[in-house]
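*Asks:* Let the hints inform the model, and build the full structure from the sequences given.
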Amino acid sequence: MAVAVLQAVAGCRSREATPPLVDVTVESGLAFDHDNGMIGERYFSEVVGPGAALFDYDRDGDLDLYLVQGGPLAPEAHPGSRPSDSLLRNDHDASKTTGFRWVDITGSSGIDARGYGMGVAVGDVDGDGDADLYVTNFGSNQLWMNRGDGTFEDATTPTLAEPRWSTSATFLDYDLDGDLDLFGANYVEYRISQHRPCLNAAGAVEYCGPASYAPETDRLWRNRGDGTFEDVTGVSGIIDHPGSGLGVISADFNGDRRPDLYVANDLMPNFLWINQKDGTFREDALLAGCAVNESGAPEASMGLAVADFDRDGDEDVFMTHLDTETNTAYANDGSGLFEDASNEWGLSVPSLGLTGFGTAALDFDNDGWLDIIIANGAVKTIADQRVTGDPLPLREPNLLLHNEAGRFRAITDQVPALQVKDVSRGLTTGDIDNDGDDEVLILNNAGPANLLLNEVGQRAAWVGVDLLDSHGAAMLGSRVILAGERPHSSTVRTGLSYCSATDPRVRLGGATSANTVELVPVRGLRRRLVGAPSGRYLRIPLG
Amino acid sequence: MKRLAAILALAACAPPEPSPLELAPLPIGIAEAEPSIRRDLESRHAAVESTAKTTPANADALANRLGDLAISLFAHNYFAEASAAFDETRRLAPDEFAWHYYYGHSVRRTGDMEAASNGFVAALAVDPHSLPARLWWAETRLHREALDDAEEGFRLALEQDPHCGQAMTGLGRIALSRGRYEAAEAHLREALEHRPDSPPARYTLALALRGQGRLEEARAELEQLRGDNHSLIITCFEDPWMREVRSRQTGTRAHEGRAIRAREEGLAATALVELQAAVRANPHRYPARFDIAGLLLQLGRRDEAIAELEKLLEIRPDYSAALALLARLAAEDNDLARSEQLMALAIAADPQSEQVHVASGDLARGSGRLREALSAYDRALEIAPTLIPAILGKAAALTELGQGEAASRFLKERRDRLPTKTALVVAHAQLLLSMPGSGPAAEALALAREANLPPTPAAAEVLAAALARTGSFEEAAAWQRRVLDALPAGRVGAVRHQAMSGRLERFEQGEAVAVELDVPMLSTELFFEPLANSASVSPTHPEQAPERQVTGPQTP
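Protein chains in written order, with my numbering: chain B, 1 to 543; chain C, 1 to 556.
Honestly, the hints are just simulated from the structure, not real lab data. Heads up, none of these hints are tricks.
Using C-beta positions, here's what the derived DEER-type ranges look like:
1. P351/C x T151/B: 33 to 41 angstroms
2. P35/C x D312/B: 52 to 60 angstroms
3. D197/C x E189/B: 25 to 33 angstroms
4. W241/C x G389/B: 33 to 41 angstroms
5. G389/B x R280/C: 27 to 35 angstroms
6. G389/B x E238/C: 43 to 51 angstroms
7. D177/B x A268/C: 48 to 56 angstroms
8. G471/C x T157/B: 34 to 42 angstroms
9. V387/B x Q160/C: 42 to 50 angstroms
10. P351/C x D60/B: 44 to 52 angstroms
11. P196/C x G353/B: 30 to 38 angstroms
In silico DMTMM-like cross-links for lysine to aspartate or glutamate, where the CA-CA straight-line distance does not exceed 25 angstroms:
12. K412/C x E230/B
13. K380/B x D40/C
14. K277/B x E450/C
15. K311/C x E206/B
16. K311/C x E32/C
17. K277/B x D256/B
18. K421/B x E41/B
19. K277/B x D333/B
20. K277/B x E223/C
21. K277/B x E217/C
Idealized CB from N, CA, C, for every residue including glycine.
*Replies:* Here's what the structure looks like:
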């Protein structure tokens, strides 16, 4: 008994001494600085990006990194004058405390992405098992096809070269024909050549907001099965509702085993596109109760996380908002109808005074309850920072919320790396060191990308599942359920908002040594795995 | 009742004797404020300092001066500073309702609903009969999901004002939160009887219906909300305190905001007054000057518009939109040399502006320089491949060059690249309809049908014209009716019935109606062309056409 108590105390001390997330940016060799191109004109688009993708481009079993870059925006700037996005390979390195280091292979990869970048989506477009990239820009987007030999080729067609201001995008198989289709969220009709300075209430020049411009139409492209796409924005019904889209995630919200779409719109009602199973979607967010807040007002929705936060088996929605609004959680009743659970789950108050962008659901301590991490950064000048001569006075700390059996508690004070004030935008998570827990990558506008190593998740038991289709690529949209007294589940997805892509492997905390895992593939029969071991990833082809 | 009474009792406890005023400096951001606002805040701040020196013991005088400054801070969105100042006035003059009330509002704007709630409680302690303070207290409690408090507040408010839709909506929202859907429905229907324009009430009613499984009814309510601003709360009281705040919003942005609203309501003269006030507040605000010029042109005050544009260019000589607009005006005055010079300056100022290239193309096309126009549109399309005015301009230029088929091919190619292509489908169909023969008309019809155009007036016009050209007169008439139904009732007025019959019966009458209604003439003309060209019908007596057998248009 006494030994147990001592161990418990020692454990507590250990946890106090070691923050759950530790900044290993320098140690891991991550040296990326985002260039937003600002020249003092306060162009709207310069404070919106960037995102990043964690994905295994070379299929060597670890996560590599794609980082979206900006560059000059001024009217006279030529796209060629912009730096390219970066592709970093994850190399094992026993000499590092992280166990890995990043190696920049952009030049040899063939990637030369010099658009003014916003975000990136990951999916196997051509069914060869390799992860391809769709890069969204303020300007024409690009599709980078993975050749499977460590190089990429620009496979952008006129259809996919969406000239509008694109933000987040996601791959999904909405028609269940076995190939990945693509949804792209577009923001507003803003062009540098039409730039007009906006003012705050006191008449000082300020960054514009979405209300200053007309919303854009999002786009849906259907994969013809050969890696080429046709624009089905019109026939699918997506064309009917323009919106100022910033975040998008695909999930089966109403339990009919068809991928639906949720789009977070900035200062407009959000969209819930319910798959009608005939190639069309119906926008039903107002009826579903997830378009506006509980008083019926649209909010400035930016980042978006979709997960089973309350462990009732369905996909809930969490969204980040402006500093004067609360972040919002919508609890799903399983049928695709939602109720605002922000206060009930304790998510309202911690977000006040912070403007949230990227967010993700992650079980950082593998206790079986999905936590929330938020990348924050203001959109309007913070005067105190302005007077110090800061050229981008929008800096705020980030936020980590621990899910304590359905009630969230801010624990940012335990993570010094999250207390650093920056203009954070994109955020992505993934098990970079393959130890069963999520690392966190935060993208800062006009600042560095910061990598936070998870130091606690691997201490708890977890089950990892890598669900694959017949080509060996992630079977997006499938669900993995860890059976138990109170089952919990997670969805295989790469789409992560804001503007980012995440590790498609599923990790479920709160496991035991032998677990029962239910697999619900996006196509095909459900399967049950009995006696699934913890502490390792199970590669399961379901194609 | 007891709960609020207890809170009020606590709030009413006698405060300690106020200590001397500690005046905070003005907000740091004021250095960047526009001069009139900065001067206003500085003078009010100086007045507080002066009072603090001359009568440091006069708490009421100090509170009044400081409150005056705080109201201005609030008006210019310095909410944190305003809240601190109002908090100080509360301390100095705890018996003054306004300071507690303002504090509640100001701190509410920072998102701190608990502090806001405390402010309104304190206001109620001073004036227990204040309906605004009671309702805002209830709203802030509801926001924090303190449902019992909020219910008490709304019920007391209803006792004071039985017609208060805001309180009824609040009770509906509370009932909804408790899962009492039928009770919620009753409250919300009553609220909508008093305020049918209340989006929160309608939205909450829809959720209450949804909760009862009445999804189609819920959907019908929500349809009424589409496109609405979903304004948060519609109050049921006059609020002189907040009116004072609004009256002090005299900055450029406030004027521009009011101008936008006026323009949306079609009040060009009002918008002009607001924009002129914006420019007085900030003479360097060139976007406002540009908008003033646009409004002056709209109001027929052309010379003043030109003068305004010239003033703008003194401030911002490279403002390409102004240069392009002046170029257009010079061309209208037949001063082609100046027009070309101005357009060249516009392009040089912003060579990446697709809008300027479109303007250049339009100018060239207007003066018959079609090849030059094509080059300009092509340049615009290099920058913005899906820019609809450039696409339409290029198609028109090609058509005017006698290359109708090339224009048609070009439009088809661009249509395929655009998700939002209604305008292009309409333009393409119109182009096809302008070509002789039945083939293009049939193609236009197929195009319009295939595109499944949204029922805009322009789209319906095209469809009607294509149908008429291909002989489907009944269906064409039905679509024409749809066009008319889509027009604002005020514009249709008494001539609506005349239009309905006139379009099928007499070209002249239809044309007159079209002019009166300001609907596109092209399709109106086309609509009647088959009648006029029909071998069995005299062009001058189209009313004898067999199509008159139609008893009435069918709903599409």
